[in-house]
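J.: Assemble the complex: chain S is given as a structure, and chain V must be docked to it using the hints.
Protein chains in written order, with the working numbering: chain S, 1 to 100; chain V, 1 to 168.
Possibly wrong hints are sitting among the right ones.
[What the hints assert, rightly or not] Quick list of the computed label-pair ranges, beta carbon to beta carbon:
hint : chain 1 : residue 1 : chain 2 : residue 2 : range
1    : S       : His54     : V       : Ala42     : 43 to 53 Å
2    : V       : Ser120    : S       : Arg26     : 43 to 53 Å
3    : V       : Met73     : S       : Asn91     : 15 to 25 Å
4    : S       : Arg87     : V       : Leu143    : 34 to 44 Å
5    : V       : Leu117    : S       : Val65     : 22 to 32 Å
6    : S       : Thr89     : V       : Leu22     : 17 to 27 Å
7    : S       : Asp57     : V       : Arg24     : 36 to 46 Å
8    : S       : Met1      : V       : Val14     : 14 to 24 Å
What the hints contain is simulated information worked out from the structure, not anything from laboratory work. Note that CB positions come from ideal geometry on N, CA and C, so glycine has one too.
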Amino acid sequence: MVPVTYYLVLSALLFAIGAVGVLIRRNVIVIFMSIELMLNAVNLSFVAFARQWHSMDGQVIVFFVMTVAAAEAAVGLAIIISMFRGRETTNVDDLNLLRW
Amino acid sequence: MSLPLFLVFAALLVVSALGVILQRSPVRSAMSLVSTLFLLAAVFVFLDAHLVALLQIIVYAGAIMVLFLFVIMLLNLQSEPRETGRVGFRLVAALAGSFLALEVIQLTRAKGTVAGLGMSGAVPEGFGLTETLGERLFTHYLLPFEITSVLLLVAVIGAVVLAKRHTS
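Pulled out of the complex, with its shape left as it was, chain S reads as follows (with noise of 0.2 Å):
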């Protein structure tokens, strides 16, 4: 059996990854697929620990996230779509209002 730590461990460099995306990409979309990524890797935690303690609330847990990354999905791919007609960009540089 693969003890529950190299999970713990692949899920970190799976969230590492994730957030290293958020910083290097400039485009929009790809950004917010680095987010669903980090969103993955603690699902991938999780369920480890579900299995490990032998408990069901982590994989309840799951579905939970499963659920909010979907709304979260839907309602920022169409802030993208509303944002692209305005300004013809996914570029987070160009997409500057909300800055002082």
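T.: Leaving out everything else, chain V in the frame of chain S:
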């Protein structure tokens, strides 16, 4: 799950996750993310989370990624030009990412945590199946479940309002 099999899946996962952030074409990034999600679903099966693995494929790789691809193609996004003059920033980002990963890895090795703990033995009957998860969801987590339905309703209305063309 045997260790060599786990290592193969872990390597594939890291490679396809790197593909998500390093590909210049958004469509390729999205396809890398789809393969990452499928590989994660496989890992979930090995962790006895059968329903979650299924939901991962249906909801994530199915619904959410189709939404992403749909928007990418709707906006007709091209590959980004190769970036120049931001090498320093990328280096700092990579360093920060490695530091974050190392920090969390170190945390799993700390005393009094899961460090050195082997995976626990066989799971109880029905672990990870729809019946057990549903029972937990509809008893102990009933209120969060109902709130989730309101959240989805708000998201649907919000998406329609935001993406609607304003005619005035």
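J.: Are the hints correct? Go through all of them and say.
T.: These are the hints, each one checked on the structure:
A beta carbon spacing of about 21 Å between His54(S) and Ala42(V) contradicts the range 43 to 53 Å that was offered as a hint. Hint check: Ser120(V) to Arg26(S), Cβ distance near 44 Å, so the stated range 43 to 53 Å holds. Between Met73(V) and Asn91(S) the Cβ separation comes to about 18 Å, which falls inside the hinted range of 15 to 25 Å. The supplied range of 34 to 44 Å is met by Arg87(S) and Leu143(V), whose beta-carbon atoms lie about 41 Å from each other.
Separation of Leu117(V) from Val65(S) is about 24 Å and conforms to the stated range, judged on CB atoms against 22 to 32 Å. Roughly 22 Å separates the CB atoms of Thr89(S) and Leu22(V), a value that falls within the hinted 17 to 27 Å. Taking 36 to 46 Å as the suggested C-beta distance range, the pair Asp57(S) and Arg24(V) conforms, at roughly 41 Å. The supplied range of 14 to 24 Å is met by Met1(S) and Val14(V), whose beta-carbon atoms lie about 21 Å from each other.
Of the hints listed earlier, the one the structure fails to meet is number 1.
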